[in-house]
Amino acid sequence: DACEIKRREIMGLIMQRNQYGRQTTTYVQTSTKARQMLRQYMTDVSKLQQDLTSNSLLITSGEVERRQYMVNALLNKGREMDALMANKVPVPGQAGRKELFGTELANVSVSEGGWNGEETEATQNLTVGEIREQQQKVLREQDRGLEGLSHVLGRQKE
Numbered sequence: 060d061a062c063e064i065k066r067r068e069i070m071g072l073i074m075q076r077n078q079y080g081r082q083t084t085t086y087v088q089t090s091t092k093a094r095q096m097l098r099q100y101m102t103d104v105s106k107l108q109q110d111l112t113s114n115s116l117l118i119t120s121g122e123v124e125r126r127q128y129m130v131n132a133l134l135n136k137g138r139e140m141d142a143l144m145a146n147k148v149p150v151p152g153q154a155g156r157k158e159l160f161g162t163e164l165a166n167v168s169v170s171e172g173g174w175n176g177e178e179t180e181a182t183q184n185l186t187v188g189e190i191r192e193q194q195q196k197v198l199r200e201q202d203r204g205l206e207g208l209s210h211v212l213g214r215q216k217e
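Our numbering runs 59 ahead of the 1-based position in the sequence shown.
Some clues are possibly wrong.
[Said to hold, decoys possible] In silico lysine-lysine, DSS-like type, Cα no more than 30 Å apart, as pairs:
1) 65 x 106
2) 92 x 65
3) 92 x 106
4) 136 x 92
5) 216 x 136
6) 106 x 136
7) 92 x 196
8) 136 x 65
9) 196 x 136
10) 65 x 196
11) 106 x 216
[To be verified] Cβ-Cβ distance ranges computed for the label pairs, FRET-style:
12) 122 x 188: 33 to 43 Å
13) 184 x 114: 48 to 58 Å
14) 78 x 113: 39 to 49 Å
15) 110 x 81: 37 to 47 Å
16) 103 x 184: 32 to 42 Å
17) 214 x 118: 13 to 23 Å
18) 87 x 184: 33 to 43 Å
19) 188 x 113: 42 to 52 Å
20) 99 x 190: 25 to 35 Å
21) 210 x 113: 37 to 47 Å
22) 92 x 121: 37 to 47 Å
23) 99 x 217: 30 to 40 Å
24) 141 x 78: 17 to 27 Å
No wet-lab data here; the hints were simulated from the structure. Small disclaimer: the values here were computed from a predicted structure and weren't measured. Glycine residues also receive a C-beta, built at the ideal position from the N, C-alpha and C atoms.
All chains should be modelled from the sequences, with the hints used to inform the complete structure.
This is the structure we're talking about:
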C-alpha cells in the first residue's frame, strides 16, 4: 500500500511536470523531486523482493506466488514511471492534439476554440477539486478492474 501511495504521488508529479516547459526551473525542480521519489520507490520495491525471498520458506508456495506477482507489478509500474520521466512514452490519458481533435482542429489555438466550449452539463457546476475527486475515483476503479483482470490472466497461464 505504501508503494502504491508513493507511485500515485510520483505520477502526480510527472503529470504536473509535463504542464511546464522543459526549460523552466519549475520543470527541473519537479523532475528532480520525482526522480528522487522514484529512486526511493524502486528501493522500497527491492526491499519487498528481498523480504519475500528471505521469508519464502515460512509461507505457502501459493502465497509466495501471489506476493511475487504483486512485486513484479510494482517493478513494472516503476519501469513505466522511469520511461515517463525520460519522455520515452506518452503519458496515459494525454493524447496528442491530432488524436484528440482530429486533423481539422489540430492546429486551432485554445483562444480560438474557447475554454468552456465543450464542457458537459455533468461537470459544468462542479469545482476543479470535485472534478479531480471524480477522476481519482474513476482511476481507482480502473486500477481495481485491471488488477482483477491481471489476476485472471495469471491464473489462466498456470
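Hint check results:
Straight-line distance between C-alpha atoms of residue 65 and residue 106 comes to about 15 Å, which keeps the hinted pair within the 30 Å bound. The hinted pair formed by residue 92 and residue 65 meets the criterion: a straight-line CA distance of about 12 Å does not exceed 30 Å. Proximity of residue 92 to residue 106 is assessed by CA-CA distance (about 21 Å); at most 30 Å being required, the pair is judged to hold. Proximity of residue 136 to residue 92 is assessed by CA-CA distance (about 18 Å); at most 30 Å being required, the pair is judged to hold.
With a C-alpha separation of about 21 Å, the suggested pair residue 216 and residue 136 falls inside the 30 Å cut-off, and the hint holds. This hinted pair checks out: residue 106 and residue 136 have alpha carbons roughly 16 Å apart, not beyond 30 Å. With a CA separation close to 25 Å, the supplied pair residue 92 and residue 196 stays within the 30 Å bound. Of the supplied pair hints, the one linking residue 136 and residue 65 holds, its CA atoms being roughly 11 Å apart against a limit of 30 Å.
For the proposed pair residue 196 and residue 136, the alpha carbon gap of about 19 Å is at most 30 Å, so the pair holds. Between residue 65 and residue 196, the direct Cα distance comes to roughly 17 Å. Compliance with the 30 Å bound is thereby established for this hinted pair. Taking the CA atoms of residue 106 and residue 216, the gap is about 27 Å. The hint holds against a cut of 30 Å. One distance hint, 33 to 43 Å for the beta-carbon pair residue 122 and residue 188, holds here, with the actual separation near 40 Å.
Under the hint 48 to 58 Å, the C-beta atoms of residue 184 and residue 114, about 52 Å apart, fit the expected range. At roughly 42 Å, the beta-carbon separation of residue 78 and residue 113 lies within the given 39 to 49 Å, and the hint holds. The supplied range of 37 to 47 Å is met by residue 110 and residue 81, whose beta-carbon atoms lie about 39 Å from each other. At about 41 Å, the CB distance of residue 103 to residue 184 agrees with the hint of 32 to 42 Å.
Distance hint for residue 214 and residue 118: a CB-CB separation of about 19 Å, consistent with the stated range 13 to 23 Å. Hint check: residue 87 to residue 184, Cβ distance near 38 Å, so the stated range 33 to 43 Å holds. Checked against the given bound of 42 to 52 Å, the beta carbons of residue 188 and residue 113, roughly 44 Å apart, stay inside it. Checked against the hint of 25 to 35 Å, the pair residue 99 and residue 190 passes, with Cβ atoms roughly 30 Å apart.
Checking the proposed 37 to 47 Å range against residue 210 and residue 113 shows it is violated: the Cβ atoms sit about 25 Å from each other. In this structure the hint that residue 92 and residue 121 lie 37 to 47 Å apart at CB holds, the actual value being about 39 Å. Here the CB-CB span from residue 99 to residue 217 is close to 33 Å, well matched to the stated 30 to 40 Å. Restraint check, residue 141 to residue 78: a C-beta distance of roughly 20 Å satisfies the suggested window 17 to 27 Å.
Consistency note: the structure conflicts with earlier hint 21 alone.
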